[in-house]
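Construct the entire structure; sequences and hints are all you get.
Here's the letter readout for the chains.
There are 2 protein chains.
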Amino acid sequence: MSSIIFLASGRVLAVNMADFAQYTHQREELIRSDRALRADHSTEASPAEIKADQYIRKLRASENITIWGAEHEGERELDYAGVAHVFPGMEFLTGKNIIMKTRLFNVLSKMPKGGLLHAHLDATVDAQTVLRLALQQPALHVRTSEALTPLNIQILPQFQALTEEQKTHSVVALTDTGYQPNTWLALQVARDGFLGGPTAFDAWAIGAMTINPSEAYQTHNTVDKLHRFGKSSPARSLCLRQGLIRFAPLWEQYIYEFLRSSVEDGISYVEVRINFFPKFMFGEDGQENVPHNVWVQIFDRTVARFRQGREEEFSGARIIYSTLRFITPEELEWYCDDCIALKQQFPHLIAGFDLVGAENVLKPLIYYADTLLRFRQRQKQLGLDIPLILHAGETLSDGGEADTNLYDAILLGTLRIGHGFSLVKHPKLMEICREKNILVETCPISNEILRLTSSMLMHPLPIMMNHGLAVALCSDDPAVFGNMGLSFDFYQVLVASEVTGLIALRELARDSVKYSTLEPSPKEAAVVLWEKQWAKFIDWIGTLLEV
Amino acid sequence: MSSIIFLASGRVLAVNMADFAQYTHQREELIRSDRALRADHSTEASPAEIKADQYIRKLRASENITIWGAEHEGERELDYAGVAHVFPGMEFLTGKNIIMKTRLFNVLSKMPKGGLLHAHLDATVDAQTVLRLALQQPALHVRTSEALTPLNIQILPQFQALTEEQKTHSVVALTDTGYQPNTWLALQVARDGFLGGPTAFDAWAIGAMTINPSEAYQTHNTVDKLHRFGKSSPARSLCLRQGLIRFAPLWEQYIYEFLRSSVEDGISYVEVRINFFPKFMFGEDGQENVPHNVWVQIFDRTVARFRQGREEEFSGARIIYSTLRFITPEELEWYCDDCIALKQQFPHLIAGFDLVGAENVLKPLIYYADTLLRFRQRQKQLGLDIPLILHAGETLSDGGEADTNLYDAILLGTLRIGHGFSLVKHPKLMEICREKNILVETCPISNEILRLTSSMLMHPLPIMMNHGLAVALCSDDPAVFGNMGLSFDFYQVLVASEVTGLIALRELARDSVKYSTLEPSPKEAAVVLWEKQWAKFIDWIGTLLEV
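Keeping their order, the protein sequence lines are chains H and Z. Under UniProt numbering, the first residue of the first sequence carries the number 1, and numbering increases by one thereafter. Under UniProt numbering, the first residue of the second sequence carries the number 1, and numbering increases by one thereafter.
Be a bit skeptical, because a hint or two may be false.
[Said to hold, decoys possible] Label-pair ranges, simulated between beta-carbon atoms:
#, chain 1, residue 1, chain 2, residue 2, range
1, Z, 150, H, 97, 31 to 39 Å
2, H, 214, Z, 29, 57 to 65 Å
3, H, 264, Z, 150, 55 to 63 Å
4, H, 103, Z, 57, 50 to 58 Å
5, H, 178, Z, 66, 45 to 53 Å
6, Z, 51, H, 380, 41 to 49 Å
7, H, 287, Z, 19, 53 to 61 Å
8, Z, 101, H, 163, 52 to 60 Å
If you're looking for bench data, these hints aren't it; they were derived computationally from the structure. Please read all numbers here as calculations on a predicted model, not as lab measurements. Ideal placement from N, C-alpha and C gives every residue a C-beta, glycine not left out.
Right, dumping it as structure tokens:
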């Protein structure tokens with residue numbers, strides 16, 4: 001079958017329609033087979049889900065023009081270069097205000113997210129709340145290395161709980177020229193006396209605990225420089241925050257807040273990494289003597305208290321025991337023993353083990369491989385199972401130590417991979433992940449702020465998804481980065497792709513429950529809980545369509 | 001076998017040495033199988049090559065510290081943010097001066113690069129040389145839309161050859177307040193009268209023809225904005241340059257210069273894209289009447305002249321016929337016919353066919369698919385072979401038109417893929433490329449300057465190499481970007497990876513000859529020529545080791 005088409009020029013175009021029809025058919029087949037490994041490819045979608053997906057895609061396309069295509073005069077001041085480079089999937093710290101204006105974000109904030117599988121507890125409650133909670137604790141104090149002036153306001157605070165004996169009862173403000181360097185002030189006193197008042201104090205203290213767009217995108221702008229020199233690098237922000245959080249009376253409220261804000265964002269389950277590197281927490285009396293088993297006790301009772309009355313929206317919380325990737329293998333032995341002891345006491349809570357910290361600058365996994373192998377052997381002897389859930393490949397390096405951590409993580413039998421940013425370079429490892437069902441805990445916004453990728457458009461997530469890897473979206477250090485909950489991460493992922501739609505997001509959310517460490521029966525219950533939430537969400541989108 | 005180790009703490013560590021030996025063995029095996037698809041994996045290396053590779057790796061490691069680890073006060077002014085973020089693989093436009101200081105770059109500049117398979121002829125001779133050649137041509141003129149002042153110096157020149165009748169013989173300088181907008185001045189006259197003299201004129205004219213680091217990395221900083229608004233975007237720079245180049249008397253010298261500078265950098269063969277969109281070039285008399293077949297005649301005789309006496313270092317040059325991706329399919333018919341006519345007249349020169357221009361903003365390949373299918377059918381009927389060698393996937397889009405161009409390029413039977421930046425997202429397409437030996441023409445520095453990647457560290461090249469794709473490094477628009485020759489691209493690739501060494505570079509270079517469009521016998525000769533050059537290069541590195 002062929003047609004003759006007369007063109008404006010008078011020339012005759014013989015279009016072989018049969019050939020072209022065959023071509024488009026082949027093209028569809030090729031696209032299908034190219035996407036065959038994706039989680040959203042072979043799965044079913046109900047008519048209501050298909051409609052909801054179409055709604056989401058239309059909304060995305062229209063807001064790409066109305067919101068992301070518009071000039072954002074108001075945002076110009078937010079853009080470090082003085083020019084508004086706004087686009088979907090742009091740098092989160094400068095684009096956040098625009099994201100929050102979108103209807104799409106509003107819709108996603110109501111989506112049931114499933115499990116949060118990768119977050120560091122110390123960085124999960126926003127700085128404002130932490131400060132509010134801290135101000136209620138008379139034991140908590142603050143000091144600086146110099147009196148603060150407008151010129152040295154970048155000096156960071158140090159927070160700590162003090163004993164009665166350690167308290168100085170000083171009232172000379174941090175901003176007073178008479179302030180004696182490193183004199184502890186009660187938090188409330190420091191805030192009231194601060195030049196500019198409580199508002200100025202809060203801005204200074206919160207600024208110290210969160211990452212700064214100009215540092216991230218301008219002054220440092222590379223992952224290594226952020227980790228090494230960043231005043232508000234994750235490690236430094238976390239250290240600061242720990243001065244307030246590692247205080248037992250506050251810690252309970254802190255955990256409650258974490259759970260509350262997570263559930264509010266549609267998260268129904270969490271597996272949170274707790275940093276057990278410090279052996280003790282401060283108690284109400286300011287003594288640093290609260291041991292790990294009390295931390296877990298507090299966690300246990302807080303989760304139980306929080307879950308009361310929320311059984312329909314919250315499946316629970318578990319702990320990934322973590323220590324830091326700069327200790328010696330000998331020191332690691334202690335933590336392994338400690339973790340085993342906690343697992344024996346709290347078998348329902350200790351879900352896994354990890355070594356955390358910036359991979360590019362700290363020790364590689366191979367340094368700990370022997371110890372970790374013996375840790376696993378010992379568990380077998382004791383009839384325990386504390387899977388390794390290791391950070392690996394959070395790096396731009398190609399073949400360097402942080403990249404080769406992926407080999408060790410997999411050989412050591414990691415249950416999931418934390419970050420796995422460089423995994424896409426490794427065809428054999430991707431094959432193993434598919435075969436052994438090793439899920440990748442991807443942290444899109446964290447990766448972008450830490451400059452592994454300049455925007456979501458360059459993030460390797462689509463490569464992972466198209467290669468059939470199981471993935472869960474995670475927030476990593478949300479209170480430091482400002483991506484509280486998971487809605488921001490889901491938003492950034494959705495707008496950076498034209499392939500990904502609501503069905504892909506559904507699979508990401510479902511996998512975050514399916515790949516949790518829960519035992520079969522509670523896992524089944526958690527999946528059912530999420531599925532009910534999902535059905536409600538789809539119904540709700542349906543009501544939007546009726547309007 | 002197990003050993004007891006007494007630790008400093010007094011604790012006893014039972015290291016199962018047999019287990020750990022087994023672990024490290026498994027680890028080596030895993031790394032090997034993960035890299036099994038790489039071109040440098042299963043190939044042989046002579047003892048001299050192994051030594052040379054070790055030398056290169058040592059040099060890279062040492063210069064990472066001595067050069068890239070040092071503070072570069074002198075370069076601070078080059079860095080748009082006022083802070084020297086220097087690191088290996090950093091932004092090329094700001095790092096170029098540092099790269100040129102390295103011994104590694106010096107060594108690579110002597111490496112035989114093989115074929116240059118992806119470059120646009122209009123952007124291959126540096127602006128300074130173009131200007132020097134142009135100043136010898138009295139027919140060439142320049143004008144601006146306004147008189148130039150220090151405040152509007154960003155106004156771009158327009159260049160053109162004029163007929164005797166068109167010449168105005170004006171001598172009022174472009175920088176004179178009395179300059180009448182759009183009055184043509186002879187190039188030499190414009191230069192002599194320019195405020196600040198010839199140096200200022202040259203800086204202005206060359207600046208207009210090359211991309212500007214502050215525009216690339218600050219003002220625009222996204223691929224679409226650079227293409228749309230960049231004053232020195234590739235398209236705009238090319239347009240400007242064409243005003244000088246598309247002039248037959250200059251063109252011959254231009255081609256010669258292109259070949260000379262390529263061979264000087266160790267390139268032994270070229271397949272260059274020529275933009276045949278304009279149907280005529282200007283002749284010596286300033287008439288725009290020199291047709292395509294004369295262009296190719298000039299190319300033919302220039303290559304022949306250049307090759308005389310260079311048979312041991314240069315295998316020749318061929319043309320990839322290109323037109324622009326904004327024409328209608330009907331217009332494309334004309335170019336296909338034109339290309340066939342040229343192929344019939346110059347069968348040894350016309351090597352392929354492409355449609356060029358920014359994929360994100362111009363027409364997708366599917367728009368031309370039917371016409372291109374018929375173009376291939378017509379060739380068959382005529383007993384010709386003009387393979388399609390299509391740009392595809394030069395984009396950050398995931399599933400958008402520019403990304404899906406990859407499906408069409410492959411279905412249309414493309415011989416190689418120009419850029420293929422987004423190919424790594426497509427498992428099935430990568431499989432087809434491996435099976436059908438479709439090489440990817442990767443342009444690392446071009447991709448980085450056009451902000452597809454923020455630095456070489458995020459470039460998908462290692463993903464391609466590890467997945468077993470054949471790749472050739474290419475310079476794209478070197479005279480616009482400043483990456484003349486191929487040494488800069490090889491440098492950036494080498495320093496951004498710890499896996500890639502000299503053997504990988506050797507395979508990249510060899511593949512650039514093996515995947516050329518040469519017929520079997522001349523190809524064999526071109527490979528032999530390159531191999532001789534390579535052996536000499538390895539010998540030369542050997543002499544460095546003896547010292």
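We went through each hint and held it up to the structure:
no. : hint                         : verdict
1   : Z/150 with H/97: 31 to 39 Å  : 37 Å, holds
2   : H/214 with Z/29: 57 to 65 Å  : 47 Å, violated
3   : H/264 with Z/150: 55 to 63 Å : 57 Å, holds
4   : H/103 with Z/57: 50 to 58 Å  : 53 Å, holds
5   : H/178 with Z/66: 45 to 53 Å  : 48 Å, holds
6   : Z/51 with H/380: 41 to 49 Å  : 47 Å, holds
7   : H/287 with Z/19: 53 to 61 Å  : 42 Å, violated
8   : Z/101 with H/163: 52 to 60 Å : 57 Å, holds
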